[in-house]
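**Q** Sequence lines, in order, name chains A and B. Quick note, in the numbering used here, the first sequence goes up one by one and the last residue is 334. Quick note, in the numbering used here, the second sequence goes up one by one and the last residue is 334.
What the hints contain is simulated information worked out from the structure, not anything from laboratory work. If you're wondering where the values come from, they're calculated on a predicted model, not measured in any experiment. Beta carbons are placed, not taken as given, at the ideal position from N, Cα and C, and that holds for glycine. Just to be clear, a hint being listed does not mean it is correct.
[Unchecked claim] Capping the alpha-carbon separation at 20 Å, the derived lysine to aspartate or glutamate pairs in EDC-like fashion look like this:
| id | chain 1 | residue 1 | chain 2 | residue 2 |
| --- | --- | --- | --- | --- |
| 1 | B | Lys55 | B | Asp200 |
| 2 | A | Lys271 | B | Asp114 |
| 3 | B | Lys271 | A | Asp114 |
| 4 | B | Lys271 | B | Asp114 |
| 5 | A | Lys271 | A | Asp311 |
| 6 | B | Lys10 | B | Asp240 |
[What the hints assert, rightly or not] Not everything, but these chain A residues come out facing chain B in the computed CB check (under 8 Å):
| id | residue |
| --- | --- |
| 7 | His48 |
| 8 | Val157 |
| 9 | Leu174 |
| 10 | Thr237 |
2 protein chains.
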Amino acid sequence: MNHMQTAVQKPHDRLAALLAGDMHAVNVMIRARMASQHAPRIPEVTAHLVEAGGKRLRPMLTLAAARMYGYEGPYHIHLAATVEFIHTATLLHDDVVDESQRRRGRPTANLLWDNKSSVLVGDYLFSRSFQLMVETGSLRVLDILANASATIAEGEVLQLTAAQDLATTEAIYLQVVRGKTAALFSAATEVGGVIAGASDAQTRALFDYGDALGIAFQIVDDLLDYGGASDALGKNTGDDFRERKLTLPVIKAVATADTEEWAFWARTIAKGDQKDGDLEQARAIMARHGAMEAARQDALSWARRAVASLDDTPDHQIKDMLRDLADYVVARIA
Amino acid sequence: MNHMQTAVQKPHDRLAALLAGDMHAVNVMIRARMASQHAPRIPEVTAHLVEAGGKRLRPMLTLAAARMYGYEGPYHIHLAATVEFIHTATLLHDDVVDESQRRRGRPTANLLWDNKSSVLVGDYLFSRSFQLMVETGSLRVLDILANASATIAEGEVLQLTAAQDLATTEAIYLQVVRGKTAALFSAATEVGGVIAGASDAQTRALFDYGDALGIAFQIVDDLLDYGGASDALGKNTGDDFRERKLTLPVIKAVATADTEEWAFWARTIAKGDQKDGDLEQARAIMARHGAMEAARQDALSWARRAVASLDDTPDHQIKDMLRDLADYVVARIA
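This is chain A alone, in the form it adopts within the complex (with noise of 0.2 Å):
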């Protein structure tokens, strides 16, 4: 973070400052919806994941899709605590299926409680999120998060029996993302524009800024834990390398690979057979081939088409707010 980056307020507080009394609203449902009059143990385990903070930026999508086309009622706060509950649902998952040990710098729920509390509580809070979207009345807004909830599933098998198999393509690897990340992202912004009656184009431009958006931010998550473009190793990198996730970086090395580095991607990878100083190695190899590079380029142009997707949506200070912010998940890794 440099100097010019604290003066001027990132987009992603300057959208936080202007839906403030929204985000609050949200907040307060998202605690009183994930307590449990008889099971101590649920809001236990969804505190320690959903106090520990996060951005909040899927239940900010909709806040600001909504307030974007003029929406007044309540149902945007509803929909924006939904979204959340699915998002930490997926992470108690995920944390299980990957065996984490650390999110958000803290214990993760599997290590503190065990396994089976994370994948209970996990569908407690996705059918807790059902009751919330079932209260806005909306069937539309239902068919696109029912859809949502089965691409997000699906991405997630999809990744599961891709890890490890170096025949995993780049058209294989937008699957997953498009499931374990995507799909959230345009549901979050579509549902928005849904609820404040925004026109089927504009809807369409909502769901495609939020699919690129998010495709933008799963490659730049995927970059930075080989330590992003920079050289420097981050605290946390390294942890897809461990896990055998063919991640676009990955991909693009081993598709250039000659004999010795296919051995080694073999080795580490389909194997799992790794040690100290792969990750280095990885990296070195990346690097030859431009991968990193080559992934950076393909965030970029991603944030680029999530910007592009506003273009014939009506001007509105959020609307830049948005664009801005498809420019700021990238510049993580400018």
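Got chain A; can you put chain B on it based on the hints?
**A** The following block gives chain B in isolation, referenced to the frame of chain A:
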């Protein structure tokens, strides 16, 4: 099974025969909707579970309730498939939580594939069920199933925290059972009535029937896990004891335990220190206090409540079958 039961068709089989056309349509829909274009692991896992059979009791309840009120539309099929998907998703997650190795006489999915697949494919089936119910276009149905989902998840978490805890009361047990079993039974019958346009009083009766039937069903299941009321220990008994679950016969035995018996329960259930012969010893203690017989009486009482709840509904061939079904469910321990 005696000759009498073989000669006179069982209530479950008579219902199945009457609803054969509908059940066929449900099976076709289940097969179509559990497929995934992108992730072949999904149909592998679900087929393993769905094709294993099971009694399809829950979807049959939905079909029966809808037909009892003269429903002629297509959506009872969607709802029956929905209910079976929710049930299957719950089984997948249960087997992860219980670390089960066998289900319906076959190795569990978590054993054949891995816990990850069971968690994620369960999520997929749950979201598919969500899509199916949205297609019915009935917000009331969605409300009922959303609430049932939350009750199920809450019951599962409650069971997790109540396990190993000798202070678990019959009231807590009932809450767990209402969640893990009865909530889906009562939702299955209720949505069948709702989709058929039954009156509020009639759908309430259907709910009460499903609730009482589900509780009776689970108490019987829990009794059979200790070998039922007979002296013979069946092949699949002892799972609950090994998992240290506080089921009804155990709760009743603990409530009347003397000092020595209390020490036995504290060692085997609370501490989980179990050795050969402990299961037989548990059964002997239960027999001494009539705990099995008392739990059996509770099951019979819930079955009677199920039968009585249909008193004020119109006469119908299916109504008689549903009443017979309630008797049959407890006849397994008669």
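**Q** Go through the hint on Val157(A) and say holds or violated, using the shortest Cβ distance to chain B against 8 Å.
**A** holds (4 Å)
**Q** Taking only the CA atoms, is the gap from Lys271(A) to Asp114(B) under or equal to 20 Å?
**A** Status holds; Cα separation ~18 Å.
**Q** Hint Thr237(A) vs chain B: min CB-CB distance below 8 Å?
**A** violated (23 Å)
**Q** Verify the proposed pairing of Lys10(B) with Asp240(B), using a straight-line Cα cut of 20 Å.
**A** Cα-Cα ~28 Å, so violated.
**Q** Would the hint on Leu174(A) be counted as holding, given a Cβ-Cβ threshold of 8 Å to chain B?
**A** Status violated, d = 11 Å.
**Q** So if I understand the rule, the pair passes when the alpha-carbon distance is 20 Å or less; does Lys271(A) with Asp311(A) pass?
**A** violated (47 Å)
**Q** Holds or violated: Lys55(B) with Asp200(B), Cα cutoff 20 Å?
**A** violated (29 Å)
**Q** For the hint on His48(A), does the least C-beta distance to chain B fall short of 8 Å?
**A** violated (14 Å)
**Q** Do the alpha carbons of Lys271(B) and Asp114(B) lie within 20 Å of each other, as the hint requires?
**A** The given pair, whose Cα atoms are some 28 Å apart, is violated under the 20 Å limit.
**Q** Just to be careful, I want the Cα atoms of Lys271(B) and Asp114(A) compared with a cutoff of 20 Å; is the pair within it?
**A** holds (18 Å)
In summary, the structure is inconsistent with hints 1, 4, 5, 6, 7, 9 and 10 from the numbered list given earlier, while agreeing with the others.
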